[in-house]
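Enquirer: Once you have looked at the hints, place chain B on chain A.
Chains as they are written, first to last, in my numbering: chain A, 1217 to 1510; chain B, 1217 to 1510.
These are calculated hints, taken from the structure and not from any lab test.
Every residue, glycine too, gets a C-beta built ideally from N, C-alpha and C.
Not one of these hints is a red herring.
To give an idea of the chain B side of the interface with chain A (calculated C-beta under 8 Å), a few residues: (1) Glu1389; (2) Val1391; (3) Ala1459.
Number of protein chains: 2
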Amino acid sequence: MAKSMDQTENIIIGIDGGGTGCRVAIANSGGKIIGEGRAGPANPTNNAQNALANLLEAIEQARKSARLTRTDLAKAAAFAGLAGVRDDKTARLIADGLPFENLRVVEDTVTSVTGALAAKNGSVAPIGTGSFLARRTKDGTKYLGGWGFMLGDDASGAWLGHQLLRQTVLCVEGVENHTGLTLETLAGYDGDARNIYDFCNRATPAEFGKLAPKIVAGATGGDKTATGLMQAGADYILRALSALGYAEGEALCLSGGLGPHYKTYLPPQYRAAVIKAKGSALDGALLLAAGLRV
Amino acid sequence: MAKSMDQTENIIIGIDGGGTGCRVAIANSGGKIIGEGRAGPANPTNNAQNALANLLEAIEQARKSARLTRTDLAKAAAFAGLAGVRDDKTARLIADGLPFENLRVVEDTVTSVTGALAAKNGSVAPIGTGSFLARRTKDGTKYLGGWGFMLGDDASGAWLGHQLLRQTVLCVEGVENHTGLTLETLAGYDGDARNIYDFCNRATPAEFGKLAPKIVAGATGGDKTATGLMQAGADYILRALSALGYAEGEALCLSGGLGPHYKTYLPPQYRAAVIKAKGSALDGALLLAAGLRV
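Isolated chain A, as found in the complex (with noise of 0.2 Å):
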């Protein structure tokens, strides 16, 4: 019964939550996954009670899945990262909802880099349907963009596809010339620029998003459109990097599901200072909740 506590004591839970779905996982004392769960979207901001739903639906798959009592559950060490956390307000109403002692809440930014770098310093360029930066030195970790569609996401997916359909309908315009991924998009819209303009005011980001893998594969098959938004993004994060303090030779991790793509478009000093992420978000997430237990 003694070891039993000792072992619920020195369990951990990490959290990853996003606003397309959450994930939750559940380590024991020798950092190996006992139980996992997932749900739908996470991110507070848009909706902190489907949130909330979300989170406590993957939690509980995950408990049972470790085979863990709920009282158990409430003595380990939680930590969770979650898009759109961006005030202390969100962090506790979610926290309040939650049934952990020992919870953090925070940004998925923080537990992005974390997984990224693990213990490492060094930079780190999440990017997928959204992007930010992160460079994390002795003195701790500085973070830039993550504004958000309308405002930053510079190279990220949604960006990507939202350049791509201005850049489309400036060819049908005969002001631009059209490429084969513009001549492609545009047929993907029936051949009309009004089904075009219709998109863009109903779509998400992450519907603009759709349309990276496209900008990547035709930047990859030497299209000048896909290209040139693939090197535009690439100039953005040498210059967010620079902002950063970024010096040469540091280790830097392009990570989610566009960074890597964007290696072949930056400079040569900055290809060979690339690394492979540690891990994912929710390793982060799992790698911070081992902290809370000291």
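Expert: Positioned in the frame of chain A, the structure of chain B alone reads:
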């Protein structure tokens, strides 16, 4: 009595409707305005029933001030240019709701170009909250742009304001260098980029456009950010004119609230071709209504 009938048959009605308000003018056979009315928004794509109600209110005001009976009004030739009329279905919906036997409903781009050029050929760049360009030759009129805030409207007030906010946040992060204008803009959001983020996620194009006068003024005063934005807008105008087939020396009318401000940023040969707008979109509607009498 016969004379009164003749006069009524020669009466023309011009209607101009946009996203912020609508205007109606009634002119007699001599072209003299004898009645006017104005009411709220009349963009049928946003809200067709509301647009109709506002148009009817403005028409009724104009009828009363012109001292016409409803029967007289019904016989007059009327021409309406309304924002958001992009297909025949929308045009018919509005036409069916208005009390005229002889009425045409088109997009306000048409009345705006006719208002600016009257009977002349040439190119027009009507630039206000949104933007588009048109070129009229002996072969007809070609239109370009006007894709709205999400997809196009480059050089417009909404575009200028949005670009300024993007630039300001890049300056806050050290990716770009602050100028007087970005510092002043940041101060307008209590020095906190998060307030710009919140604004961007809820602002309408017209609200973004409210920042445009500061950009125009900043550029006049030599501010580097402001000058860069005005130059980028002017570059779009030049590329669009080229796509329309504009030949040097042809009349170029920069209309709308912002259009005239771009003159300074065009090359000398374009500046030399700039003409003043003959009249407004409402004047264009009256001209086109006169054509309906034939």
